[in-house]
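These protein sequence lines map, in sequence, to chains S and U.
Counting in this note's numbering, the first sequence runs from 1 upward without gaps.
Counting in this note's numbering, the second sequence runs from 1 upward without gaps.
Derived from the structure by calculation, the hints contain no laboratory data.
Be aware that one or more of the hints could be misleading.
[As the list claims (entries may be wrong)] Quick list of the computed label-pair ranges, beta carbon to beta carbon: (1) U:S106 with S:D155: 47 to 55 Å; (2) U:I80 with S:A110: 49 to 57 Å; (3) U:Q79 with S:G140: 24 to 32 Å; (4) S:K44 with U:N23: 50 to 58 Å; (5) S:D152 with U:Q79: 52 to 60 Å; (6) U:E103 with S:E68: 26 to 34 Å; (7) U:N140 with S:D155: 48 to 56 Å; (8) U:S106 with S:A110: 17 to 25 Å; (9) U:N140 with S:D152: 29 to 37 Å; (10) S:T75 with U:N55: 44 to 52 Å.
Please read these numbers as outputs of a predicted model, since none were measured by experiment.
Where a beta carbon is used, it is the ideal one built from N, C-alpha and C, also for glycine.
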Amino acid sequence: MEKDVDAKIDRVLTKLDTLGVDAKVKGDIKLDVKEILDDYITEKIKNKLQVLYEYEKHYLDLIKEYKEEIKFASTIQEDLRRERSQFFSQSLKEVSDSLKDAQVDETVAAKWIQQLVGSYTRSLDLSESLTNTQVLDSIGKLRKETKKEISDISDARE
Amino acid sequence: MLENKIEEQFMGITKSELCDYLNVLHVLRESMVFDFTSNNYELYISMFKYEQNENLMNLAIDKYYTGWVNSHWDQYISQIDGGQLNSKNISVMVNVMHRLIKESMSTEVHTDLFVYLAKGKLRFYEELLQIGDKDIKRYNELLYQYEKDKAIFERTLREVQQ
């Protein structure tokens, strides 16, 4: 990188040869140009790093803010999965046993159980749908705020 | 367009509101299982009474399901006892009941009476969702739907038996 910069400066300085500028003056000019360039590049990188740092800091703050929201929704989703599994592994058997104990006709029992399974799973699906909407809503808000932060930080640095 | 409108009803709800809606659904799921495991009198009576008549049995099943869907509204009202009822939370609950009925109609076979009542109900829910807060008084009609549907099913059951 440094060699490239040197070569580029040398190429520009060869144009001074036609003016008869001596080698020492050319050397001084080269040092001055390099110093100016170094300062300029350092400042430019510093600015970019600052923007990056501020963005990361704000992003982490936002994540912290929404972490609780996302944790809350994932706990509900886990509860719903557990409930669904418990319904099929336990509750349905209890229902079937109750119908048998009461001596309900098998065909009749099957009809009612079919209705129960349909209603129960529909209600669980609906609960998941409500929860997923809440998660998507939170992610949407997070994205929106992140975009706003990036734009605000960039504007402030310009 | 209506589908988008319905989807919108679930957006922007707070954590506490979400808990309320999920609780309504959970309570009604539990109560349905409890009706079976606790030998609920009304439920088991119809299982024996209409054992020999499939049409009557189907009516009894649809009557039970309709009552169960309507109970979501009653449960919500009792849950937010003293809380502010507004067009937003009413819309979410109407949407919940709309979905329970519409999805049941598209996946299960129902009696003609259920289909007739359900279609009227869906039209009513859709009107409410589109009206928003312009005519909040119409939401009061939700309050007597449970008793109205129950009476219509019982009347039909009596007529078919005669």
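Sort out which numbered hints this structure fails and list those numbers smallest first.
-> The structure breaks hints 2, 5, 9; every other hint is satisfied.
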